[in-house]
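Top line first, the protein sequences correspond to chains A and B. Going by the working numbering, the first sequence opens with residue 1, and the numbers climb by one from there. Going by the working numbering, the second sequence opens with residue 1, and the numbers climb by one from there.
Please note that a few of the clues may not be correct.
What follows is a list of derived Cβ distance ranges for each label pair [what the hints assert, rightly or not]:
# : chain 1 : residue 1 : chain 2 : residue 2 : range
1 : B       : R114      : A       : I153      : 48 to 54 Å
2 : B       : S154      : A       : I153      : 50 to 56 Å
3 : A       : Q228      : B       : P145      : 43 to 49 Å
Hints were generated in silico from the structure; no laboratory data involved. Virtual Cβ for every residue (Gly too), placed ideally from N, Cα, C.
Here's the letter readout for the chains.
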Amino acid sequence: MSKGRLFAALLAAATVALVVIGTVWPVPSAVAYAGGASLLRSSSTPEEAVANLGDEIRMQAWGKAYASLANKAQFTQPEFVHDLTGYYSSLRTYATVENFEVRPLHASADEAEIELKLHWSTVVGASVSTRDLHVIRNGDRWEPEWPIAKEPIVPPQVIPVNYLRWDVIYRGPGDDWGAQDVEAPHVRIVDMHPVERADGVVILGELLNEDVVPAYVSVSATLLSKSQSPIATEGSFDKISHLLLPKQVTPFLIKFPNVALSEVGSIRMTPLSALIAASADPVIEIENEQLHPAPGASLTGQLINQSGQIVNVAHVLGTFYDKTGQVVWVADEYIDRALLPQNPVPFEIHIPEDLARNVSSQRTVIATYSSGGAQ
Amino acid sequence: MRTRSAFLLSGMAVAMMQLAFAQDRSMSLPKTVEAGNAFTIQSTGSGKATLYIIGLGQVLKRDVQLGEATFFPAGSLYNAGHYLAVLAGDSSTESDSFDVVPASKPADLSFLARPSRLPVGLHDGITGAVYVFDAYHNLIAAPTPVSFELSNPSGTVQKRIVLTREGAAWTGMDSTARQGMDRFVARIGEISSARVVGQVPGDPCGLKMNARQSGQQVQLVTDPVRDCNGNAVPDGTIVTFTEAYNGAQSTVDVPLKHGIAEVQMAGHNGATISVASGVVLGNQIRWEK
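Let's have the full structure, built from the sequences with the hints guiding it.
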């Protein structure tokens, strides 16, 4: 009992001591977050000026970030904020800057070029954006110029669309038990094969909706050992386009970390499909798709929203084939900007260097999400 | 001593009477009773007893006068199965069993038709299964002819008559070459049950597009897209246009609208433009401005 009291007294004393220390000698970041003195640097060099801007963007101190710019007369603070977070709802709207990198590109006595790489944390993972900033000397300080990219504004208008929409009525509780429910869409795996990678086994393939109704799809796979006992079961998660319109094909990729292909005797694939209410809108054109060889192998292109509906999130899935037409890799990228009608948005999907030399063709599909749910 | 002897004699007399009662008592049961029908159970002997009828999920209890018939009105026993009748007197019981069988007249059908949607032209693609029940939902195990009829809006009718086995009958039907909502009916006498089976077009067949200049772009339009039986492929079906040029390509997935797919693409000089839907390839066009 006496030991417990002594321990409680020690804890209370330690807590009071720490509170006093934290109040009298606070760490700079705590002062900054509390609205006190800034933890920013002096901006006496171009790198420090851009690093200060990066910190302000990370802390979402938009006013301070805007005030630090040399070219703020060219745009307003809301335009600056929209350039960073998007004017329309998108992945960026709810993203925060996790960290940033500053890299000098060129410098002279009065001006410099600095690359600012912002690492955003979004709901679907990390997203990187890079801006090259022109930095100029102003007395004993350096001030960055923000390369504003004004997002086009869609003027208020009415765009008539008459694309098909499917709605579903399922069987109700009052129906005769023999009455059949609406049939689930018929889907088929048209290609599938496993690939061994450094971090485990990856299953690549393609799934076709061979029905006349839209389907919500996913694929799971179970690896079986040579004695037919299950090793592991995994799903495609987001490495698939979950909404398939009639006769549409999606690639899928399923990862089995820490499994060697030599352990696998067979694979049991389980495609899942369910009817889903869907619209044939929006139509997205993928323009100027180009395969770039290693080093830095990638697929680039532009997405053009041909519909009137604003697409808040677009998910680009690339399927890469070898000369025989076999799938060699599936990769994806989320577009962190909203797709506005007829406004091209670039994308870049990276291809593993070791596989890039086998790639001879590709096919790209887009999954889109608009506010109000998957369309 | 005389009193004790009188008690002993009267006790023996009562015992003898009870023995006589037990020996005289008996039940006369029907071997089978049709579900829901009235029936009687005749007993012999004299005195009072209690009659229990015990079956799956149902127990009846009647106070009976031995020697008289006990009447059970229609609807007393309606679940088919094996029943036990127990006649319980003061000192002994007697039991016997009988069966309640389904009514011979079908009153209800449970009809399972699968699938509710399938492509045209599939042999035995449609399955129908029927279970025949009486008015009390007892499965009628006696062989009963069931008529299956699949009719297409175009007037094509497929008809099969199948005898039930152990209460069930099933058949397979072909989907026809014409799309539409087929009516699948199972019938026994006046009783019928209907289901709707959607026959939908198959894969596109002979997919063909045409190209024409539209300003600086190329306008691509398919011919009306049909399957190999001539059925129009439904709107919303995805048609993929691909334009390959100078090592790059552009792709767009377009849903069919009013039976055709239509799109504008950049139309680079010398580009190869192809069209596909699902796993079906269409024609290719080399575009020269």
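These are the hints, each one checked on the structure:
1. Under the hint 48 to 54 Å, the C-beta atoms of R114 (chain B) and I153 (chain A), about 53 Å apart, fit the expected range.
2. Between S154 (chain B) and I153 (chain A) the CB atoms are about 54 Å apart, so this pair conforms to the stated range of 50 to 56 Å.
3. At roughly 46 Å, the beta carbons of Q228 (chain A) and P145 (chain B) sit within the given window of 43 to 49 Å.
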